[in-house]
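Since each chain comes alone in its own frame, lean on the hints to assemble the complex.
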Amino acid sequence: MDDNKIIALFFARNQDAIRHTDAAYGRRLFCLAERIVQNDQDAEESVSDTYLQAWNTIPPQRPTHFYAYIAKICRNFSLKKLDWKNAQKRKAEIVTLTQEMESCIPDTARENELDARELGRLLDAFLRTQTPDNQMVFLRRFWYADTIGEIAARYGISESAVQMRLNRTKNRLSAYLAKEGIQV
Amino acid sequence: MNGKNMLFGLQYIGDDLVENAEFGQFSADTGKNGKPRRAIRRPLLAAALIGAALLLVGCAVAYVLNLEKIKISAGTEQRDYSLVDGVYVKDPHTVNTTTLTLAGLEGSNAYKACADFYVFKEEYTANGEKMAENGTVPEDYWETYSDVMDAKARELAEKYGLKPEGKLLEFRTNRNLCDALDVERFDRSNPDISVNINGGGCYDTGNFWLNMDFAFPEDKGYEVLRSPGTLAWNRKDCFSRDYLTITDSGDWIEKNYTTASGSQVLILHSPSQETGLVLCDRGEAMMALVFNANIEHLSEEDYGVFSSEFVRMTDRQLELVADAIDFSVQPRILTQADVDAQSAVPREATQNGYTLTLKGVETDGYVARILLSLAAPEGTAFPTDGNLIFAEDTLVDENGVEAMGAFSIEPVDDGDGKSNTADLLLIRNRAMEGGSAPFTAGTTWNLYLVDIVYSAWNAESGIIRDTLAEGEWMIPISFDGENGDYRELELVQKPITMKAAVSYDETGKAALESFPVTSVKLRRNCILLTADVGERISADFFWFRSTRTKAVLKDGTEVEVLNRAFAKPLDLDSVDYILFADGTKLPVPAQ
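Respectively, the protein sequence lines represent chains U and H.
Add 325 to the 1-based position in the first sequence for my numbering, that's all there is to it.
Add 3 to the 1-based position in the second sequence for my numbering, that's all there is to it.
Bound-form chain H, shown alone (with noise of 0.2 Å):
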């Protein structure tokens, strides 16, 4: 038994044990401000990216590189699985493999550096699995982990007398950041291809990444019809850990390569691997692309049993996909003075040619429904066959603190039976989270909206998601009597016995157990429950395998319940009862 089994060996614990680390919340009295904050994403690192040769731009000699001028290291890598008529199956072996820096040119500084912080972090990692075959790994050997490692690049940049990595730059949006540095965020111009940047960032020193989406399109024939991406700018100046270690499969394929818009790049790829690169030297800096050339589609038929099925771009795809890359870019340096430059969050409703308006906002305290009108420009379609969705969407109370919860947004019928409208739902549930209601009455909040997206899935292609509409929009929300019904109604006035699910065993039955109900408050949207489950962790009293608790109004109508909030709203005096997984039934006393 190892490290890794007792990581797979997690993935066998309770459903709710899972659930309750997503969506639960500290005790109150813990935390710094008795509310949780949403996990803070780490930065993107552009360290999936390979360069391989080099051309020079713009200077009246070109002259090629190969795979040597930037290789850093050369070994041997144990797997254990291969890949035999289609499946995975447990093989282990041994492959070759070879290292490459995407930092600069053998010779240069930039590149010394590089192969300089691969040794030591290599070096690090393996003395540490060393030390703990022997148990003598210090304690804080991987805590200090990342420490380290920034500490051993700021030596090496000095000793080499390079620009350290610098300080990562957080610009608001993404089209900020485009601006910013200068680059076109779309390109759409080209029928046999677009190029959408969803996400990246940049250093004040310099360098910087774009992870963008390519999309083909569907009556061309092509096995791959979309490729993630991403593009990353190495000033040769600074100090860059960018490497990448490569399976030496043998099949690799080089191709020199003019892309439309006149620039000389190597393309590179190999039919038995996904990866696949498209190199620039710029002089000033190394820019190299990488993108899944061929899509693995895996599919898990048993625990640990995996077939695979390559799907793989055609020699014009990837040439479009250079195509679609200015790589004659000037991409300005970028400083905190321009992230303070960006401009204050636009307080229009109509942007870009596209209207967001807030149509109604309710509560009952715990749960918020906020209900928002989109318009297109005239003879624009919103898409039918997908979601729309926002690229970031945040609930914040006037402290900038989120508002934690489900979160879900659901399209609704606006009536008006136009194309280029459309009625969004967007629904925050703090009910299954317990705690206090944070929408109360007299509470002010601001929805911020970025984008409008398309987001559609399919097996071919996967996930979609196209930007349909940039914008940012905040819009305030205040919750008063006038939108909220803040009434709560008790529906066990001494303590009664209710059986809940404790957990439940790999067929999915649910072990049940009684325990005392001494509360059942009923809200509009959402049902709260107090009960005394001694020791359990969790004790389900709505949600059984087959059967769920329900709200049955008067008229016989049923709203079921999920994490605690109601399906739809209801008007707590047409409720008749409750009806619990159990089949306790709580009636509802007259208003």
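The following block holds chain U by itself, in its conformation from the complex (with noise of 0.2 Å):
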């Protein structure tokens, strides 16, 4: 089923609208948080969640891009869980994440408490100015969780050319932010 078909359901309150966005697209959530929160259990508590979250928020919103709303939400509470459920766990794909985003932020700018959303918008933007192939393959890195050797098995390319990739976007990112963003 359609994404037009799929919110219409959840317009007409019909809880078919959840079985069919499990059908389209519970795979690629179930991937997305297992990656995240590396074990089953909790991913699949995340996608559930997801389906809740989105029941109860379509409507009154009517989002644009179906797969990228609900995949921001089990993205977020993959994440969340990460924080205070499943800390202790010590994801290390999660820390390394972590890291790598860590040394995209210019010295100037450690102290700087910034509000997600800004943020959000001004790494909008600087993915704006990249290639479409740069965009993917940090997206994939830091957005989807892929590890540098899953990214080059889906495009084709070598893990030193994922990697690489990665390091000349990070180092850009790095400077855009000093330059343009929270340099305040």
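Read the hints as simulated data drawn from the structure, not as lab findings.
Any given hint could be a false lead.
To be verified - Going by beta-carbon spacing under 7 Å, a handful of chain U positions derived as facing chain H:
1) N329
2) Q366
3) A393
4) W468
All figures in this text were calculated on a predicted structure; none of them were measured in a lab.
For glycine and all other residues, C-beta sits at the position ideal for the given N, C-alpha and C.
Structure below.
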């Protein structure tokens, strides 16, 4: 079932909306959550929580990009679970991602407290200055939490090529943030 | 600001960027074969497991272990939130923790190796964090993390005279894995609980894990109706890095229990924690089942503000979970030879009583619509309150490369009125990704399907997935002149200007910009647009927040476009015009 129909079901308060969402995107959401929380139980919970959140927010929301809408909810739940429920498990991949992102922050900005939305706007603006390929590689790594190997396999390029793209994009991001964004 | 802030900040980038990273494809000249491949799923690790006590089964003398026998570390951890009146509030505080190994008992080599591994891993992580604070972390410190840990695991196995973790064996299906291990995949004989194995993996040195779902009947008044679990089998002559750090909540309950099949186990649970555990020592191996004894329902009330509600298993349910596992199982140690010995994918349409046949297929080159017919044994009724899906469904070409793009499964009325038959329409949409048409005339594909699964969702149980029928189906599909309509109608004879949504504000309002459009090609299932959008990464001509592109047929019927594909196939001869989201109306030339 296409997104239009699914959203129509949400608006009709028909629980088939959830089932069709699951059929269309359940596997993608599960993979996204599992990459972050790294165990099936928490991943399933994240996906399940996502459906409930979608049910509670559509309507009034009518997402233009439905997959992105639910994927963002799922990612948020997964990251939140790490915050207080599963932080003790010390997920290596998330530690890695956090450290990698840390390296993008210019020294002058480390003490700044920036609203996540404002930071998101800066990141959005930066990404739109990048090539589509570099955008995708960057987001596969830091949005979808793919490993270097997974990204390489996905796009049919070598791991070193992925790493090189990521390093260059991170360097550009650091420079961008220092120049444009958070040096206030 | 720190790295975590950055990860959370990414939450607010544009939806188009998020979708492009999921569905988009690389520039054709950068990939090895020009075709993206599906992301590889990491093998699941049976890490979220815990052990706390041991009883020797099969020996005349059974002795109870306490948690101290598998404890490898105690410490503290910083937590950012506390649960206050059902809501998580920011409250940085410290909790005491205990780390337990599942590898073996205190004094054993498996125990020592796991304890050493834990110390190494913690130190490595702490050092990395410290260096990051000082700005001195080596560039490849985190990139090589997995390699460093794997090397340490091998070193410790050798040091303690243990088999290394070994090679992960990849069986084609869960059924094949269970058959090779000689364990049952399903147990639905107990009216009070059923268990389905829905995943797992094993190493060629003997350790394995199985993912499973437990389900309870709805008429017993239970709060918890479903619970996922993972059963780990760790041989004591093998290295295992399985450990778990638990919060010392002070309310863990230990209960010795003899299962219905006679195994002595220890059940561990805590009313304030989600995790429940059933442990059994088998002499040659430790068996540990971790599952959700309690389930915490979280709902986000606002960004970063979560409310929490706990539902809990009863004592009887905990016993039923233990009863559902055969702790006297004698699994085989598998090798690559067992993987290689898997029988070929069956070619029969009917497997385990369920018949799956290809009813029809059509394409316009970019969108493949595959109609399947399902028939269950007489007297069986397909559920009507959920979806019928497959545990795995892939469409691969002759070289084994999977067709990328949006994939959906829709129920279709088969018109026969029977409850044991159903039609399913599988749609693979490549249109939204652009590029070349994959389903051209003369190409042959294989649709590979595994297990017929009932899928549903409700607020109480969350996701429900029950395997209705096991099986593997490989259905060849050929596209030719008979089932393909490859006509392409150009709707733009000279460049025109159209508006596209380039971004959205927080209220969802689209920002529009005008771009020159040089081509709009109409196909039976999709529409392909070429425009010069300059430096813009995203420019959506098809769908604004409130208006969408649609095909208007000569009889006035409207067919909407989603992801550049039509909601249903068009008879190109019957299309009057295309009405774009910005109001541009493009007539379809007469054929």
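Hints and how they fare:
Checking N329(U) against chain H: minimum C-beta separation of about 5 Å stays under 7 Å; hint holds. Checking Q366(U) against chain H by beta carbon gives a least distance of about 5 Å; that is within 7 Å, so the hint holds. Given the 7 Å rule on beta carbons, the hint for A393(U) holds: about 3 Å separates it from the nearest Cβ of chain H. A hinted interface residue such as W468(U) counts as satisfied when its beta carbon comes closer than 7 Å to some beta carbon of chain H; here the least separation is about 5 Å, so the hint holds.
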